[in-house]
Every structure is written in C-alpha cells, then in structure tokens.
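Trainee: Sequence:
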Amino acid sequence: MRPRTWVLVLAAVFAVLQLANVTGRATPDTKNYLSYAMSLRGASEREAATVAIDYSCASQGANARRDQSVNPLNFHGKDPAARVAKKCRDAEWRGVDARLRAGQTGGFITPFTSERFMRIFEVRPGYPVFLVPFVTLLGPVWGMWSASVVLTVAGGILVFLILRTLSVSVPFALTGQALYYVLPCGTTSMRPMTEGLMTALTLAALWGCALVLKGQRSRVGLVLVGGSLVLLFTVKHSQSLFLGLCLAGAGAVVAVGRMRRGRVPGRALVAIAVLGATAALGTLVLASALHYPSQTDSLQDLLTDHYARPDRTRLWPEFLHLEANFWVEWTRQQLWQPMLAAALGAGVWGAVRRPAFGVFLIATAFTGILTQAAHPDVSVWGGRLIVLVWLLPVVGVPLLLESVVRRKAVVGVTAPTPVPGQGVGEHAHSVR
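For the sequence shown, the residue numbers in mature numbering (1 follows the signal peptide of the UniProt record, and there is no 0) are -20 to -1, 1 to 412.
Each hint should be verified, as a subset may be incorrect.
[What the hints assert, rightly or not] Now the in silico label distances, taken between C-beta atoms and shown as ranges:
1. 266 x 291: 17 to 27 angstroms
2. 26 x 312: 42 to 52 angstroms
3. -12 x 307: 39 to 49 angstroms
4. 270 x 21: 51 to 61 angstroms
5. 71 x -20: 47 to 57 angstroms
6. 314 x 162: 14 to 24 angstroms
It should be emphasised that the hints constitute simulated quantities derived from the structure, not laboratory data.
Computed from a prediction, not measured in an experiment: that's the story for all the values here.
Every residue gets a Cβ at the ideal spot worked out from N, C-alpha and C, and that includes glycine.
Use the sequences and the hints to build the structure in full.
Mentor: Following this line, the structure appears as structure tokens:
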C-alpha cells in the first residue's frame, strides 16, 4: 500500500478503538467549552446550559455504571447511571439558577462557577469555535467525540509529516504516528478539552520548523509557524506565549551554532526566531489590552481552589514554596514509575541525531514543563498540563530507531565479505 494508505489505516484503527468510550470522557471543564460552543451557534442561555449540563452529567452517570459493574461488592446492584446523572443535574442547576438570579449573565458561558473563574474560559474561544460544526451536525455526544477523534488523528498525521519532512523512512514515520496515538498525548487529546487542538497546532508549528530547516517550502513553513502561534492565542494564550519564547530561543541557538561553524543562518531560520519573539511579546501586549486574566489571577485561582477561598496575601512566596514542593514530589513519582523519564531519555537521544531540528523539538516539548510550572498541581487530570513533553519521545524515538538501523546497514555494507574456503586469518592476510 502507498504511505498515505497506511497513514489512513492507522488513523481509522485508532478511531474505531475510540468507540469503546463515546461517553464518559467529560472533565469538569468540558461543560464550559460545550456551553460556549452552543452559545456561539445561537442557543439561548437556558438551552446552552441544558445541553452542557446534560452532557456532563450523563458522562458521570456512564462512569458510575462502569465503576459499579466491576465493584466486587455491588456489581449486581441496580444501575446507578440515572440516579447519579439526576443528582448531578440537580446540583448544577441549583448553582446556575442562583447565579443567574444574582445577575451573573454576562459572557458566552453558563455561569457554573464564579464570574472571576469563568473569565478564564471566556478568553479561549478557539476550541468552542472548532466544536460548533460538530455539535451542530452530530449533536453534543457524537459531536464532542468526533471532534476529539479528528483532532487526535490530525496530531498523529502531523507527526508522520514531520518525520517524512526529515527524510525518515515510512515505517519509522508510521511508528511516530502510532506512538502519538498510544502515549498520553493521544489519550489527553481525546478528552473534550483544549489540549487536543493545542497539541495539534503546536505540532503544525513544529512541522513548519522542519520545512524551513530542510529548505523545503520555507514560505509554507513560516506560514505554519506564524499561523499556529496566532491560532494558539485564541485556544490557550499561555501556550502561544510559551511556544513563542521557546521557538525564539531555539532559532537563536541554531543560528549562533551555524555562525560559529562559519555558516550564514538562512533568512527563514532567522524569521522563525523573529516570529516566536513577536508572538511572545504580542501575546503579552494583546492579553493586557484585552484585560485577560493575568498571571496573578492564575496564581490566585490555583491557591484559592478556583476563588472559593479568600485571596492569598503572600501570593508569590506561597507559590514558590508550592513550586519547590511540587517538583520534589513530581521527581519522586517519576523515579517510582520511570516510564516518562525513559521515554524522554530516548527522545533526547533521537533528537540529537538531527541537531538543528532536535533543538526545536526539545524546545517545543519544553513548553509542557513551562505549563506545568505555571500551575504546579499533581492532581490535574493525569498530567494533562505537562502533556506536551510527550512530543519529544513521539518524534525523537523514530529518529533514534532509524539512526540505529542506518548504522547497522552501513556497517553491513562496508564489512569485508569472507572469501569462500578461507579462514578468518587467511582472509585478514589477503586484505592486508
């Protein structure tokens, strides 16, 4: 089969496997994005709230059913799905009705919590806009599922395209695509949250960097980098800031390295660094001009349980204390279960095989570290904040595997072929 056929086969297999969990994927934030999408498509405030609450609570009910089915003490009990969903809906509507009566009616999102907390989601219209055609055509359940599948499949295909741009052979490029689907980046992208779209756009920017470094369609590469950074601002502006900073730093490192070797950095390479720096600065300026929640607001949200408690008066000292504790505990957990450490080690090993691109790959993955450092909370849905670090093994491991195979192939070709009838010593003597 042609390479594109294998790519589509992998994508189709992944999509079919996701039918195992059409429901039950919702997180606490999902209802905010779904409510936002329903409002954008013209639903009334009440209709948007109903759709979002029903979807979220049905997800809780589905999970309750699954949990009970394998509970050794209660697996034969009555199906709890309807009861759990009803309890969830009653609780959500009590809170929403109370806030609506109190006059919290601004914005596109149903007031599930305080206005201060909802503002964080109001400034992320990119993902709700993406959801609109899916929920319009397929309804909330299948619409949210299919949107997640499309984003995750797209991420895997982008990994394949990145590796093929680097002249990696088809089997190893397909390996990268498969790794994307089976590692946490794929699992997290399937959740109905911003991470799927954010990761896909980050990979699009990385593909643009690969195109520039290979000298293939540099203009297209720069458009991918710039366009991804712009779109990331609408999805999650902190990622636009972090990725812009990291790409600017990576471009500067590669350019300086080339100048030290007596080479002139190409204009397109310098343009990537300029685009990254511009995106970072532009994010700060535009976020301030639009009165987006600041870093202080984010830290207060973290330390006050989403503004449920009074603001902290010693904000930064407490945050830095928590930051230090977090990384100590995070390191302990990684040493206990070193899967991520091993994957990152292999990814770095593969990245250094392509030094220039490797710098951009490591820088892109480092945005996951920055995101986690900005919100040091070990309980946030299975490490979704740090998920972008998994792009390092997803792309780096195929690079490592191909370099090993190529080295073995070269050694096999250059090794002397024994002459029939000669011993090892005789053959060595004849070579001399």
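Trainee: All hints, please: hold or fail.
Mentor: Structure-based check of all given hints:
no., hint, in the structure
1, 266 x 291: 17 to 27 angstroms, "holds (26 angstroms)"
2, 26 x 312: 42 to 52 angstroms, "holds (48 angstroms)"
3, -12 x 307: 39 to 49 angstroms, "holds (41 angstroms)"
4, 270 x 21: 51 to 61 angstroms, "violated (23 angstroms)"
5, 71 x -20: 47 to 57 angstroms, "holds (52 angstroms)"
6, 314 x 162: 14 to 24 angstroms, "holds (19 angstroms)"
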